[in-house]
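Enquirer: Listed below are the residues making up each chain.
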Amino acid sequence: MFDAHDITLTVNGAEVRARVDARSNLADFLRHHLRLTGTHVGCEHGVCGACTVLVDGASARSCLMLAVQADGRRIETIEGVARDGELHPIQAALSRHHGLQCGYCTPGVVMTLIELERDRQGRVLGEDEIRAALSGNLCRCTGYQGMVDAALELWGANTE
Amino acid sequence: MKAPAFKYHAPRSVAEAVALMGSLDNARVLAGGQSLMPMMNLRVAAPDHLVDLGRIAELARIEADDEGLWIGAMTSQRAVERSDVVAQACPLLAEAIAHVGHQQTRNRGTVGGSLCHLDPGAELPVVASALDAELEIAGPGGLRRLKFHDFAADYLTSTLAADEILVRLRAPRQAAREGSAFLEFNRRPADFAIVSVATRLRLDGAGAIVSAAIAVGGASFKPLRLGEIEAALVGKAPDEATLAQAGEAAAATPCDGDELYPADYRQDLLGTLVRRALTRAALRAGAQTHV
Chain A
1 MFDAHDITLT VNGAEVRARV DARSNLADFL RHHLRLTGTH VGCEHGVCGA
51 CTVLVDGASA RSCLMLAVQA DGRRIETIEG VARDGELHPI QAALSRHHGL
101 QCGYCTPGVV MTLIELERDR QGRVLGEDEI RAALSGNLCR CTGYQGMVDA
151 ALELWGANTE
Chain B
1 MKAPAFKYHA PRSVAEAVAL MGSLDNARVL AGGQSLMPMM NLRVAAPDHL
51 VDLGRIAELA RIEADDEGLW IGAMTSQRAV ERSDVVAQAC PLLAEAIAHV
101 GHQQTRNRGT VGGSLCHLDP GAELPVVASA LDAELEIAGP GGLRRLKFHD
151 FAADYLTSTL AADEILVRLR APRQAAREGS AFLEFNRRPA DFAIVSVATR
201 LRLDGAGAIV SAAIAVGGAS FKPLRLGEIE AALVGKAPDE ATLAQAGEAA
251 AATPCDGDEL YPADYRQDLL GTLVRRALTR AALRAGAQTH V
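Protein sequences, first through last, are from chains A and B.
For the first sequence, my numbering assigns the number 1 to the initial residue and increments by one for each residue that follows.
For the second sequence, my numbering assigns the number 1 to the initial residue and increments by one for each residue that follows.
Everything labelled a hint here was simulated from the structure, so no lab data went into it.
There may be inaccurate statements among the hints.
[What the hints assert, rightly or not] Label pairs and their in silico Cβ distance ranges:
#1 R35/A with A57/B: 32 to 42 Å
#2 S211/B with A82/A: 49 to 59 Å
#3 Q145/A with A87/B: 28 to 38 Å
#4 L283/B with R96/A: 41 to 51 Å
#5 V234/B with Q101/A: 51 to 61 Å
#6 A132/A with G22/B: 36 to 46 Å
Quick caveat: nothing in here was measured; it's all calculated off a predicted structure.
Each residue gets a CB set at the ideal place from its N, CA and C atoms; glycine is no exception.
Given these sequences and hints, build the entire structure.
Expert: In structure tokens form, the structure reads like this:
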């Protein structure tokens with residue numbers, strides 16, 4: 001059964017029109033249809049956070065969202081984060097603090113941190129808030145300390 | 001895995017959604033998808049039709065009046081978490097919502113979705129129980145109202161008919177001299193609760209308990225109210241001995257056990273959490289006694 005739906009959305013600022021099968025999830029649509037393979041697929045049931053993207057600015061598991069539900073929405077993925085070959089400040093901080101090793105979880109982590117930065121609206125963030133946000137992204141190699149250090153360098157108390 | 005094939009429907013009104021649910025075989029309502037989509041990806045759910053309520057704007061509103069809040073079934077958990085109106089009118093819900101999943105799932109997960117899914121480890125059904133919340137339900141004959149306790153039927157099962165959808169939740173406004181508290185225990189924050197407790201206490205001018213509500217999650221397939229313990233608290237001052245006694249009584253509640261968390265372990269947790277939650281609620285209600 002192919003249940004076709006025509007959708008129009010923006011992905012990293014560019015308008016995309018596509019015909020999708022109802023059962024296609026947003027992660028697979030991004031990866032297979034748009035060839036945006038930076039969004040990684042880990043568990044496919046909403047636990048690991050590797051597939052985290054922003055939907056109208058809010059972080060979401062793209063394995064738990066259907067592509068057809070993205071019709072009319074604004075999607076941001078890891079491919080839209082670095083500009084003109086320059087790492088985003090969050091990416092640069094993760095690199096400085098060894099906040100990644102194998103890199104599988106990293107695109108999801110970066111998208112979560114981008115949401116956190118927008119939500120903080122200039123507020124200083126404490127370690128608890130940073131850890132709470134990152135608790136939705138499983139990492140099996142860095143142990144999180146580097147990610148937390150990166151976020152604290154950017155938004156913690158000693159940086160203002 | 002990937003979800004099995006299905007047909008997708010996106011009604012624009014409640015009436016259209018009800019008509020679809022009444023005419024389609026093996027249809028499921030899609031709310032935020034944070035439980036149903038994993039179940040479909042894991043192939044433990046295989047509906048032939050999904051009726052997505054995400055395009056019905058009227059279902060995603062929070063409204064307040066003198067008696068309380070109306071929270072639309074499709075209101076995201078994140079919107080509730082961020083709502084000043086909810087924090088002010090229903091602090092119990094505001095306190096509990098931060099325990100629901102992760103921010104990445106709260107952004108899409110909905111109040112109505114959690115209430116209809118009725119996971120025994122979920123927070124919102126326990127809050128609805130403690131609040132004696134009413135639910136407004138739309139069906140072919142129009143709207144009807146139901147107490148939450150007549151709605152929660154069994155494991156992952158509500159009393160909604162196949163052609164009905166949940167429209168909104170009625171949460172009463174917290175009264176003067178009332179305090180509430182939500183506590184849960186799990187091994188990592190944001191996991192499903194092993195045991196959770198939602199309490200409300202209202203005091204009179206002299207500081208004695210006028211009414212008490214204690215709802216418990218994780219002990220059984222649906223939220224339990226500890227009615228006998230609630231009744232025994234009425235008329236007493238919420239002092240340390242009284243609340244400790246309530247905790248001990250709560251620890252005698254029969255609990256379901258499983259291979260990870262046996263029944264007696266859950267009972268221990270229950271006793272401790274009930275005592276702590278009642279203590280916190282009493283302080284918030286303005287108790288002057290040394291609780």
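Enquirer: Work down the list of hints and note, for each, if the structure agrees.
Expert: Here is how each hint holds up against the structure:
At about 34 Å, the CB distance of R35/A to A57/B agrees with the hint of 32 to 42 Å. A hinted range of 49 to 59 Å for the beta carbons of S211/B and A82/A is consistent with their spacing of about 58 Å. For Q145/A and A87/B, the hinted distance range of 28 to 38 Å is satisfied, since their beta carbons lie about 33 Å from each other. In this structure, L283/B and R96/A meet the distance hint of 41 to 51 Å, their C-beta atoms being roughly 45 Å apart.
Hint check: V234/B to Q101/A, Cβ distance near 58 Å, so the stated range 51 to 61 Å holds. Remark: the range hint 36 to 46 Å for A132/A to G22/B is upheld by a beta-carbon distance near 42 Å.
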